[in-house]
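Colleague: Per the working numbering, residue 11 is the first one in the sequence shown, and the count goes up by one each step.
Treat the hints as calculated values from the structure; they're not laboratory data. It should be emphasised that the depicted structure is a prediction, and the values quoted were computed from it without experimental measurement. For each residue, glycine too, the CB sits at the ideal point set by N, CA and C. Certain hints may be false.
Unchecked claim - Distance windows between CB atoms, simulated:
1) 149 <-> 42: 16 to 26 Å
2) 149 <-> 126: 16 to 26 Å
3) 42 <-> 171: 28 to 38 Å
4) 35 <-> 119: 42 to 52 Å
5) 120 <-> 71: 23 to 33 Å
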Amino acid sequence: MPYSRIPSRQKTSPPGVPAVLRRALNYITVTLALAFLLTNLIGPILVSFANDFGLGLRSLAAGILPILIAVYVGFLLNLKVPANESRSPAINNFVIFTLWTLLIIGLERTYDFVGLPFRELLFSLTLATLIWRYKRRNSFEALVSCCYGIVCGWLAALVLFGWF
11 MPYSRIPSRQ KTSPPGVPAV LRRALNYITV TLALAFLLTN LIGPILVSFA
61 NDFGLGLRSL AAGILPILIA VYVGFLLNLK VPANESRSPA INNFVIFTLW
111 TLLIIGLERT YDFVGLPFRE LLFSLTLATL IWRYKRRNSF EALVSCCYGI
161 VCGWLAALVL FGWF
């Protein structure tokens, strides 16, 4: 039997989808996900400052803390990824971030955390995880997978819970 070529695992564009279009969709999705996270992070901080300066400071601290930790661990600490560490498939990032986004929007819609900057902490934690995943894997594809999950979770929350 002649040599049969085993298909390679190279990443290629699906048939009919030009690489330029795929790149454009990826950048649009990353922009939408970041805009969603930043809007849900900065908006409550501004509202908290408008209501009470002390509450605004707590809200700001809750928004900054996870991001500061992610920047320190991801960029300043210089932790090395072990060479033998397995890499999870991109679909895992997508599913986890979809479910996580549904969870935080569901919590936000269900519970009223008066006096606690819980909303800011959750959205900041999500943004910090994006920063950390991107830096740890040094992969734009991992970031894109997470952002697709965030946008899909947001859209699923709109279907399930309605508009905010």
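Colleague: Could you work out which of the previously given hints the structure breaks and list their numbers from low to high?
Modeller: 2, 3 and 4
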